[in-house]
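Asker: Take a look at the letters that make up each chain.
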Amino acid sequence: MKHLLSMDDLSLGELQHLLSLADEMSEIQKRAQPKVPALRNKTVASLFFEDSTRTRLSFETAAKRLSADTMTFSAASSSVNKGESLRDTVETLSAMGVDAFVVRHKTAGLPLAMTQWTDAHIVNAGDGAHQHPTQALLDAFTLTRALELGNSLAGVRIAMVGDIRHSRVARSTVRAFVLLGAKVTLVAPASLLPPSLIYSDTAETRHEWPVSTSHDLDEVLGEVDVVYLLRMQHERMNAAFISSVGEYALHFGLTPQRLAKLPHSFKLMHPGPMNHGVEIGVDPALVPGSLITQQVTNGVSVRMAVLLSLLGPAATSEMTKEEKNV
Amino acid sequence: MSSNKSILIIGGTVVNVSGEVLADVMIDQGVVQEVGPNISAKYAAENEGGPRRIDATSCVVTSAFVDLHTHLRENGRVESETIEKGSRAAVLGGYGAVVAMPNTEPAQDSVAVVEFVRMQGERAGLVDVVPSACITVNRAGLQLSPFHSLAQNGVTLYTDDGNGVQDPVIMRRAMEYAKELNITLMQHCEVSRLTEGAVMHEGCCSSHLGLPGWPSIAEVLMLQRDLELVRETGAKMHFLHLSTARSVELVRQAKNEGLPVTAEVTPHHFSLTDEKLSGFNTVFKVNPPLRTMEDV
Chain P
57 MKHLLSMDDL SLGELQHLLS LADEMSEIQK RAQPKVPALR NKTVASLFFE
107 DSTRTRLSFE TAAKRLSADT MTFSAASSSV NKGESLRDTV ETLSAMGVDA
157 FVVRHKTAGL PLAMTQWTDA HIVNAGDGAH QHPTQALLDA FTLTRALELG
207 NSLAGVRIAM VGDIRHSRVA RSTVRAFVLL GAKVTLVAPA SLLPPSLIYS
257 DTAETRHEWP VSTSHDLDEV LGEVDVVYLL RMQHERMNAA FISSVGEYAL
307 HFGLTPQRLA KLPHSFKLMH PGPMNHGVEI GVDPALVPGS LITQQVTNGV
357 SVRMAVLLSL LGPAATSEMT KEEKNV
Chain A
28 MSSNKSILII GGTVVNVSGE VLADVMIDQG VVQEVGPNIS AKYAAENEGG
78 PRRIDATSCV VTSAFVDLHT HLRENGRVES ETIEKGSRAA VLGGYGAVVA
128 MPNTEPAQDS VAVVEFVRMQ GERAGLVDVV PSACITVNRA GLQLSPFHSL
178 AQNGVTLYTD DGNGVQDPVI MRRAMEYAKE LNITLMQHCE VSRLTEGAVM
228 HEGCCSSHLG LPGWPSIAEV LMLQRDLELV RETGAKMHFL HLSTARSVEL
278 VRQAKNEGLP VTAEVTPHHF SLTDEKLSGF NTVFKVNPPL RTMEDV
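These protein sequence lines map, in sequence, to chains P and A.
Residues 57 to 382 (my numbering) make up the first sequence, in order.
Residues 28 to 323 (my numbering) make up the second sequence, in order.
Where hints are given, some of them may not hold.
Calculated pairs, DSBU-like style, for lysine-lysine (alpha carbon to alpha carbon, straight line, at most 30 angstroms) [stated by the list, open to error]:
id: 1; chain 1: A; residue 1: Lys312; chain 2: A; residue 2: Lys112
id: 2; chain 1: P; residue 1: Lys58; chain 2: P; residue 2: Lys91
id: 3; chain 1: P; residue 1: Lys58; chain 2: A; residue 2: Lys312
id: 4; chain 1: P; residue 1: Lys138; chain 2: A; residue 2: Lys312
id: 5; chain 1: P; residue 1: Lys120; chain 2: P; residue 2: Lys91
id: 6; chain 1: A; residue 1: Lys312; chain 2: P; residue 2: Lys162
id: 7; chain 1: P; residue 1: Lys86; chain 2: P; residue 2: Lys120
id: 8; chain 1: P; residue 1: Lys162; chain 2: P; residue 2: Lys58
id: 9; chain 1: P; residue 1: Lys138; chain 2: P; residue 2: Lys162
id: 10; chain 1: P; residue 1: Lys58; chain 2: A; residue 2: Lys303
id: 11; chain 1: P; residue 1: Lys162; chain 2: A; residue 2: Lys303
id: 12; chain 1: A; residue 1: Lys263; chain 2: A; residue 2: Lys206
id: 13; chain 1: P; residue 1: Lys120; chain 2: P; residue 2: Lys58
id: 14; chain 1: P; residue 1: Lys91; chain 2: P; residue 2: Lys138
id: 15; chain 1: P; residue 1: Lys86; chain 2: P; residue 2: Lys58
No lab work stands behind these hints, which were simulated from the structure alone.
Remember, predicted model here, so these are calculated numbers, not experimental data.
The shape of chain P in the complex, shown without the other chains (with noise of 0.2 angstroms):
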C-alpha cells in the first residue's frame, strides 16, 4: 500500500491487517513511555486547508508516538495567501524531505491529485464529501472491539441517521462496516440521502450503496444494535435540505425518549464534531453504551498503524521486537 486514499481501495483482508495491526498500537499507548523508534527519521506534514481539531492532532500524535518528525502546515498563514498554487505548495514541502502527506481539503479528489505531484505517501485526511478512510478505520476498530467480534462485524445491525449525502464520513463508514459483514441502515429525510439513492436506484446505486434505507427513526430503533450519528450542520437549512434545525431534531434527532426505547446493550457513536441538541439531545456521557469517546482514542491508534504500514520498515511487514520496545 502506497498511499490511503479511499476505502475503496482497502480489501477485506487489507482493512483486517489494520484493525489487528491497531491493536498493536493500541498496546503500546497503555505503557508508561508510549513511544517507539519505528518512524524514526522519517517526516509527516500535516496538510489542513480545513479546520480540524481532533483528526490533526489525531496524526500528530500518531506521528510522534512512532518518533517520526512532524510539520504542520496551517493554509492560513501560508504563501497559499499570497496566490502559491496547491500544487507548488505540495512540491515545495516535498522539496523539504517529506515522507508522508496527511491532507484535508474541501475538494474531492484532492489527494489523488497529490500522488502525481510528489513521490511521498499521501494519507486522505478528509477531502470534500468523498472520503475520510481513517475515520472508517477508527470506526471499525472501535466497534469491532467494543463488541469482542474480532476483525468483523457479521451480522451486526447498525443505523446511520443523518446528513448521509454531504458526509465524507458515511462514505467511508458504510464501507468498512458492510465489508465486515454488518447490516447497515441510512436514515435521513430523502433530502439528505445520495442522489442516486433516491433518483436512480438501480442495480450500479445497489454496488455502491450496499444498504437499506429509511424516513422513520423510531422505526429502525427497535431493529438496531448500533446507532451512529452523524453532524448536522445548520447552513443545511440554506439550501433546503430541511425545514429547520428544529424540524431536524424533531424527527431525526436522539432525544431522551428514543433513547429510553433503545436495549440496554445498545452502541452510540458519532464522529465529531457533535452539534448537542441537533442530532443529539441527550448527554452522551450518561449513556452506557456510548463509543464516542473511544473513537477518538482508538483513531491515534488507527493513525499510527497506517503511518507505520505505509512508511514502516519494510512497509506493512510486523515490526520487530527491538522497534515495539524503547
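Fit chain A to the given chain P structure using the hints.
Answerer: Coordinates of chain A only, in the frame set by chain P:
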C-alpha cells in the same frame, strides 16, 4: 470567399447531400460550375491560361462547414484566443463561417461591440465571422438587449450563452421581440438554482464521489418552459448543446408538432458518460456535464 480566378479541384471524394462520389470540381467566380468524374480533361492546363489546378487525391471535397458555437474570446480573454487565431483554426478545419458567441468582455450586447467583432473577422479575412448578440445586457438576465438596433445591423442570432435566461418574464418578452424581428434565440438550458455548486451529472457517480451533482431536470425544466413559450409566441428558437435523452425526445416532439425549433448535440455528449469522471479527471468536466448510458 470569392476569387476571380477559376479553380479546378481534381481527384477528390466529393461529399454533398446526395452522398459521396469521386469527382472533379470546377469553380469560377467563386461559384461551383460543374461537378463530375474526370471533367478536368475539358480544361486547358494551368500554364496555358486554364484554371488553377488543385490535386485533391485522397482528400474530401465538400462545402465549408459552419460552426454555430465558437468562443473567440476577443475582447476579454485574448490570452486564450483571438478572432484571428480562431479564424485560422476554423479555416484549417474546413469551416467557412463561425458564429462568435457573445460571452466576451465587454459582452456582445451593443452595436459597437458586435461591429468590432465583425470587423476583426474581416480583418483576419479567412472565414465569415458572424457575431451573435446577447439576449440581455451583459448576459445578466435583467435587461433586454437593444434588439431593434442589433437587428438593424444584421444580427440574427441571440443568446446569453452559458447563462440560461432564468426569468420567465424576460424570456417571454425576448421571444415577443424575436417573433417581431424574425430573429433566432439560442438557449443554454439550465435552471441555475438546481445546479448551484454542481460540477458533474447528478447520479451514481457523483453520489459516490461526494461531488455536488447537476441533475438532468435542470436542463429539461428550462427546455420545457421555452418550448411552451415558443408555442405561445411563435418565436424561432435553437437549443444549445442538449445533453439528456429526455431533452432530445422533447425537441423531437416539438418539431413534429411544427414548432420552429432546432437543437444541437455535441459528439462528447452522445459518446461519453459521467463514468469518465470516476478518477476525478477534469478533462471530462464539461458544461453541460456528461450524462449516463441511457442518454448517449
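Asker: Each hint needs a verdict: does it hold in this structure or not?
Answerer: Verification of the supplied hints:
Between A:Lys312 and A:Lys112 the CA atoms are separated by roughly 25 angstroms; this keeps the pair inside 30 angstroms, and the hint holds. Under the criterion of a C-alpha separation no larger than 30 angstroms, the hint pairing P:Lys58 with P:Lys91 is consistent with the structure, at around 24 angstroms. Restraint check: the Cα-Cα separation between P:Lys58 and A:Lys312 comes to about 28 angstroms, which is no more than 30 angstroms; the hinted pair holds. At roughly 28 angstroms between alpha-carbon atoms, P:Lys138 and A:Lys312 fall within 30 angstroms of each other, so this suggested pair holds.
In summary, the hint linking P:Lys120 to P:Lys91 is supported, as the alpha carbons are separated by about 8 angstroms, within the 30 angstroms threshold. At roughly 18 angstroms between alpha-carbon atoms, A:Lys312 and P:Lys162 fall within 30 angstroms of each other, so this suggested pair holds. With a C-alpha separation of about 15 angstroms, the suggested pair P:Lys86 and P:Lys120 falls inside the 30 angstroms cut-off, and the hint holds. Proposed proximity of P:Lys162 and P:Lys58 is supported: the alpha carbons are some 23 angstroms apart, at most 30 angstroms.
With a CA separation close to 19 angstroms, the supplied pair P:Lys138 and P:Lys162 stays within the 30 angstroms bound. With a C-alpha separation of about 24 angstroms, the suggested pair P:Lys58 and A:Lys303 falls inside the 30 angstroms cut-off, and the hint holds. Of the supplied pair hints, the one linking P:Lys162 and A:Lys303 holds, its CA atoms being roughly 22 angstroms apart against a limit of 30 angstroms. The suggested pairing of A:Lys263 with A:Lys206 holds, with an alpha-carbon distance near 7 angstroms, which does not exceed 30 angstroms.
At roughly 21 angstroms between alpha-carbon atoms, P:Lys120 and P:Lys58 fall within 30 angstroms of each other, so this suggested pair holds. Proposed proximity of P:Lys91 and P:Lys138 is contradicted: the alpha carbons are some 38 angstroms apart, above 30 angstroms. Between P:Lys86 and P:Lys58 the alpha-carbon distance is near 29 angstroms, which keeps this suggested pair within the 30 angstroms criterion.
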